[in-house]
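Visitor: Both chains come to you apart, so use the hints to assemble them.
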Amino acid sequence: MTLLTHELRLLLRSRMALLALLLVALLAAASVAAGMAEVARQRDVIARIQPKQAQDMAAVAQWAAETKDPGTAAYYSFHATWDTPSPLAFAALGLRDVAPYILRVRALGLEAQLYDGEAFNPELALPGRFDFSFVLVYLTPLFVIALFHDLVSGEREAGRLRMLDALTGSGRSLWRRRVLLRGGLLFLALAAPLTIGAIQSAVPLPTLLSVQGLVALYLAFWIGVTLLVGRMRWSSVANAATLAGIWLVLTLILPTIAHVAINRLIPVGEGVELTLAQREAVNRAWDIPRADTMRAFYAGHPEWKDSPPLTDAFHYKWYFAFHQVGDESVAPKVAAYRNGIEARDTAARGIGWLLPSVGVQAALTRLANTDMAAQLAYQDRIRAFHEKLRNFYYRYLFTDTPFEKDDFDRAPTFVGGA
Amino acid sequence: MNAITLIARDELRLMRRNRVTVIAFALLTLLTLAAALISWSHQSGIAETRARFQAQAAQEFTAQPDRHPHRMVHFGNFIFRPLPLLAAFDPGVDAFTGNSMFLEGHRQNSANFGDVRQSSLLVRFGQLTPAFVLQVIAPLLLVFLGYGAVARERERGTLRQMLVQGVSARALLLGKLLALAIVAALVGLPALAAFLLIAGQPGALAGPMAVMVLGYGAYLALWSIIVILVSALVRRGRDALLALLALWTVLVILLPRVAPDIAAQTHMLPTRLETDIAIQQDLHRLGDAHNPDDPFFTAFRQKVLRHYGVDRIEDLPVNYNGLLAVEGEKLTSRLFDDYAKRSFTVQQAQSRLTDDFGIISPAIALRRLSMAAAGTDLEGHRRFLAQAEAYRYAMVQQLNQLQADTVRYADDKAKDAGADQRKRISADHWQTIPQFRFKPATTGDLVEASLPGLGLLLAWLAFALLALLPVARILQKARA
Chain A
1 MTLLTHELRL
11 LLRSRMALLA
21 LLLVALLAAA
31 SVAAGMAEVA
41 RQRDVIARIQ
51 PKQAQDMAAV
61 AQWAAETKDP
71 GTAAYYSFHA
81 TWDTPSPLAF
91 AALGLRDVAP
101 YILRVRALGL
111 EAQLYDGEAF
121 NPELALPGRF
131 DFSFVLVYLT
141 PLFVIALFHD
151 LVSGEREAGR
161 LRMLDALTGS
171 GRSLWRRRVL
181 LRGGLLFLAL
191 AAPLTIGAIQ
201 SAVPLPTLLS
211 VQGLVALYLA
221 FWIGVTLLVG
231 RMRWSSVANA
241 ATLAGIWLVL
251 TLILPTIAHV
261 AINRLIPVGE
271 GVELTLAQRE
281 AVNRAWDIPR
291 ADTMRAFYAG
301 HPEWKDSPPL
311 TDAFHYKWYF
321 AFHQVGDESV
331 APKVAAYRNG
341 IEARDTAARG
351 IGWLLPSVGV
361 QAALTRLANT
371 DMAAQLAYQD
381 RIRAFHEKLR
391 NFYYRYLFTD
401 TPFEKDDFDR
411 APTFVGGA
Chain B
419 MNAITLIARD
429 ELRLMRRNRV
439 TVIAFALLTL
449 LTLAAALISW
459 SHQSGIAETR
469 ARFQAQAAQE
479 FTAQPDRHPH
489 RMVHFGNFIF
499 RPLPLLAAFD
509 PGVDAFTGNS
519 MFLEGHRQNS
529 ANFGDVRQSS
539 LLVRFGQLTP
549 AFVLQVIAPL
559 LLVFLGYGAV
569 ARERERGTLR
579 QMLVQGVSAR
589 ALLLGKLLAL
599 AIVAALVGLP
609 ALAAFLLIAG
619 QPGALAGPMA
629 VMVLGYGAYL
639 ALWSIIVILV
649 SALVRRGRDA
659 LLALLALWTV
669 LVILLPRVAP
679 DIAAQTHMLP
689 TRLETDIAIQ
699 QDLHRLGDAH
709 NPDDPFFTAF
719 RQKVLRHYGV
729 DRIEDLPVNY
739 NGLLAVEGEK
749 LTSRLFDDYA
759 KRSFTVQQAQ
769 SRLTDDFGII
779 SPAIALRRLS
789 MAAAGTDLEG
799 HRRFLAQAEA
809 YRYAMVQQLN
819 QLQADTVRYA
829 DDKAKDAGAD
839 QRKRISADHW
849 QTIPQFRFKP
859 ATTGDLVEAS
869 LPGLGLLLAW
879 LAFALLALLP
889 VARILQKARA
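Sequence order for the protein chains is A and B. Heads up: the first sequence is residues 1 to 418, going by the numbering used here. Heads up: the second sequence is residues 419 to 898, going by the numbering used here.
Hints in this document: simulated from the structure, not taken from any laboratory. Cβ coordinates follow ideal geometry from the N, Cα and C atoms, glycine included. Fair warning: there could be bad hints in the mix.
[What the hints assert, rightly or not] With a cut-off of at most 25 Å between alpha-carbon atoms, the simulated PhoX-like pairs for lysine-lysine come out as follows:
#, chain 1, residue 1, chain 2, residue 2
1, A, LYS68, B, LYS833
2, A, LYS68, B, LYS831
3, B, LYS831, B, LYS721
4, B, LYS831, A, LYS52
[What the hints assert, rightly or not] Derived, one-sided and incomplete: chain A residues facing chain B with beta-carbon distance under 8 Å:
#, residue
5, ILE49
6, GLN50
7, TRP234
8, PRO255
9, GLN361
The shape of chain B in the complex, shown without the other chains (with noise of 0.2 Å):
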């Protein structure tokens, strides 16, 4: 048996016949179970009202009576973005973001309905989540277990005794090291076992969860060296104990809160009430739908007439209504996609540069690398949004289509009291109109967002590894 072995078999001795080491471990194990039951519990619930109210939205939009198209686009549709699977173990932005959203002709609504606007307080102190455990509470027992592992032995005289006696510092940095990596990866395993758990279940994707374990398990193994490192350096433990704090608060509670700040204030959103004017702007540039004699509008019932052959729009075989919707809503949904794109390249922006942080704290590399990879970051959001978007200018063309084509133009302009009976189309046409299927990211989108979270991560792992060496070799030195 060699040194390393050795001395990390003394370390994790010692650690077991540690009363509070044990009882901080175990109270960790039983924190993480209980962060994956509950989270668990709660994404499953929320999944499950989800698709309930999704159903109800479904069933209430076929159930409508027969109605004038027209009619259907502004009664609109709901639709409800579903949670990946992985949310249960990262929900990431969810209850940041609306979840529902109602779709209609001619505007783009906002997502509603988000967690944290109809929760307490207590949603901005974090969300009890075994990411948030192994993000956030998980170094922080590796500090208490780890600080002393150096300092000890030379606050003891027990240092000077090993390295006298033959045993590198190398080998003494490398047994406390190991010895503190199976802590770490102990205290991952709970982790873990939630993990599988949810892999186990259909639908699960092996790429992202590949990256996700292997990302976790270097930010641990991460902080074990930072650990070893810090407690090899300073000259007592407490200070030990109190620099590794500093250092946790610094890089998992502080940097993480300072840079989306830095973010939002570098680069800034226009409000969504900017956003519809300068849209109502660009229309009206664009043309002008109450004025009779717009260029632009007389130029398309020009096209529409001599596409048919004929001389007054009452002579068209469809509707001129119908068509002049369709045309409108290709303009405005044109806009739409344009302001969008617009707000996102900012937001991606910001989140650009809070990423930038990540050199400077791997806790913000991990969160990265871990909404990426369970789809519950920025990008999934956004999905969802161009999703519905799609889905939305869809269902409009398709009933507008359905005015030019089965309401008769005569009808549409009557005003008589029957009028409103024969601008009626039979209710058979809502079944016609596809319901909203949410396309999931697929494993090769998540797998390459979540690569630059963990090229930083793996970097910081690889730099802490080097870092090993100098330290290694101002310890051999504490001989003299």
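Bound conformation, chain A alone (with noise of 0.2 Å):
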């Protein structure tokens, strides 16, 4: 313990290290509290929205209600979805600065609602944000050299290490004291306010622990890096330069590369493909035998089919079967669309246990929920959502019940999962 207590003050004395932890624990904190801003302003916006949402709601029953017309009132009626920020999104903002987190969708054909996107400044987006993950990732390594490059040659140049190496009983247990100490100063600046944030976010224990040894393991590989490299016996110079090298490949440019690469070999240009056909099959149905349409409907949807046969009238039912058919008939593409994102992230994920870097990025967003995973389930729970709100309103459309003032207040809510 003494031993311990001796080399921390010989680490401390050394201006540029005591700078290099400060600097860590200031990075670390500044860009815990920046998510945790982000993510608090995400959280008012998605409070904000709720009473406006409602007041436009009952804006609609107001004048709606007097036509007591079931499709009129799902025709109008826009409902909102959100998709609250998990606890540890902080930690990791990951899409949610691209990808929107409240959509409005309304009983129409869901595949011309569900890619919208929000309002955003793309030149805020492009150089990505400033979360711990940003800290962890890109500038830990930097910091990680400059704490341990010098660790042998350091003490070769001043002439120490033959003495170091002759001293009775030091010889590895005095480098492993050391690189433990270091690293063990470098996880406490990066982790301490993590944890402070983590608790303030209210992240459950599992979590948390799993960032935590996610940061461990982080770090033992840039150690383990920086000490092989060490290795060599080169001039702390080299060492240096040699360490900066591999970091700049590691999370510059192999990762660009890569990302290139799967862009390439995985085409997903079906996204604009199923929206331009779900137009064509949703407006045909105006030059087609509306028999037709019903037909197709109620063969996928057997449960209307006893509805009272159309008249020369205009009935909503027709309008929202024909919605309904026309997202139905790009089904294929819309789930070729889907597995192409899918194949991508799961390419990029492969990359993670070659790329460090994008190993602990992949691990960190998906456990904060704000990854490309998170962005398809929210997406699945606005389709499921979606099928509650078709569902109600066929309730009334296909049976020709009237739909009245208190039935807006019946129509189906979203349930914001955190």
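Guide: As structure tokens, this is what we get:
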């Protein structure tokens, strides 16, 4: 113990080491604060829209109730969905700055609504956000390099190496002590702000421990690399330059090359194709016999097939039926589009096993539920909610039940998951 | 031969003899060429896809059968944002914005299917483009090659020797700087070659390209000076390297991330949901189309009847429903424009705040210059959105006018079995609606937009050059 405190005193006497550790702590704390501010803002926005949404619904109900027409009610009622940030979202904002976390849908064709985006400034999204995952993935290795590159070579250059090696009882345990001390302090500088933020955000303990484990593993990887390079017995300068080069390749160059390769090998043109096809299918309904549309609709939804037949007059049930048939006609394209995105995501995760920078980023965004999988899960929740909306309005539409003012309050409401 | 060129030649010879230096340099050259090639093929792939989809959408629009014009208002049109030529060099925000848009009546849809929402997380690690290599990686190479330029002489004691022998510190610094600047020029050469390849394409604009060459040149020169300055000021080579790495991290990696965060928290954007609701409320206030006694629409009806000198809308020579649609679209479009302008004012304030960080980070200043000159910045996206909205409005109003002029009011109201056929007008009309043509920014627009960034960079350069003087004086004293 006294040896360790002695080493600690020695380490902290070096101005650079102290500065580096303080800087890591400062950056980690700032990134946690920035992430928490962003998550708080997103929570505020979600809270803020609720009364506005209710007011909008009431305004529609005000005039649409007079018609008592369920079709009018369904056509004009927009229903809000939202994706509440998880407790850990502050640590890795992931896709939450570019993908919508609020989306309004109505009971019409979903495929024309699901891919709508949120208004955001792309110039702010371009460089990426300043969150804990950024500090960990990009900056931490540089601090590891700063603190470890001269662990042995520094002593050699100071002419103390032979003496240290000759000291009885030191040898390996000396270096182990120094590595553990520097690594431990780095871990503390990173994990302390993170843990404080996590406790304030009510992150479940297993998740927090996983993140801390990830931090420790990533640190261990980079310390391992620096020690390996250190074994080459080069000068401190050569060590530092080599390590910075390795960092450059692993965190900046290889991920960008992998990105191009993945997008090239796995195309996802179906996104645009499916919306074009869906529009074509929906609008074609105006040019074909209405009975054809109804037949196609009842084939998939026999529960409504006893609905009274259409007359010459316009009936909203036909309108909603062709929207649904339009959605169903592009189902294979929808699946292909989604598979393409998932395949890209899976490929990137695979690369994460080779590139620790990518691996840690992927693991963190997964734990924080801010990655592509979380995005797709939100889309699934919207899909399920939309299904409920359809069924709700169909119960009136296909049985010609008048839609009263109270019925507006009976519409399903979205349950925002955390 | 004077002292400066002698020193520069000596330094260059030393670099040439150093295997690591040569390898690093060769790797960067390869990376630049690979980036240029990949980016070029990637961007031309995107351009080709978008052109294909655009042609398909146009074909589908004109291939629609005889229809009621209002059906075409809702069939709408898809448009795709074409890429500017220089996007192959700096794609800017292209991957982060939707690039296709569905245009229809009385709705303003978002631009969808941006790359960022359909790519893996790797897209957030940056994109391998010549711009990325020059902005981020080239300075790092200059750091590696130049950190020891002066510090090494000091460590070995050769610095004092030279000063004693009458070489002025200023000549020494300028000589070392000249050597590093030559390396910087060589680093920029492959990118320049890629750039000239783009310039050979039809439609390339000379003005913005000249600004870009100037900007990237100034940036690399600036880093050369920074490296030499730090190398001269710091006692040991290792400290110089670490200090420069720290500086690079802060200026190139950290600040470009911190600035947008501050901007996003300072100027908050309303969500689309809120904007949509606000527009609905405003519309409701202006006139309630669902209320038969609404004062606004009653006044409109009176005005139309007076204009045509008739008492009943049934007696009008035009279809009243068509006129109503034109009037309604006018109302909503005005609101769309109004809210879009507000949203862009906020976004511009955000971007401006980020740009101001260019005062402390030349990388931010260069990025601003580069995207603005390439036409791939926020303004480039806004240009697309504004033209899309103008096109949407013209298309919808042309269809509404067709409804007023060619569909009889009595047919429009009729609900009998044959009414549907009588409401339809010939598909030939769809041909008369012009296709969307994106008007790219002019040379003047792009150059003007890139000037603030260039100004900042040149100010940085001037400042760094001036800093050489006091540093030379300090170095001179090292003799004593």
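Visitor: For each hint, tell me whether it holds in the structure or not.
Guide: Hint check:
{"no.": "1", "hint": "LYS68/A to LYS833/B", "in the structure": "holds (20 Å)"}
{"no.": "2", "hint": "LYS68/A to LYS831/B", "in the structure": "holds (21 Å)"}
{"no.": "3", "hint": "LYS831/B to LYS721/B", "in the structure": "holds (21 Å)"}
{"no.": "4", "hint": "LYS831/B to LYS52/A", "in the structure": "violated (36 Å)"}
{"no.": "5", "hint": "ILE49", "in the structure": "holds (5 Å)"}
{"no.": "6", "hint": "GLN50", "in the structure": "violated (10 Å)"}
{"no.": "7", "hint": "TRP234", "in the structure": "violated (10 Å)"}
{"no.": "8", "hint": "PRO255", "in the structure": "holds (4 Å)"}
{"no.": "9", "hint": "GLN361", "in the structure": "holds (6 Å)"}
Taken one by one, the earlier hints fail for this structure at numbers 4, 6, 7, listed in ascending order.
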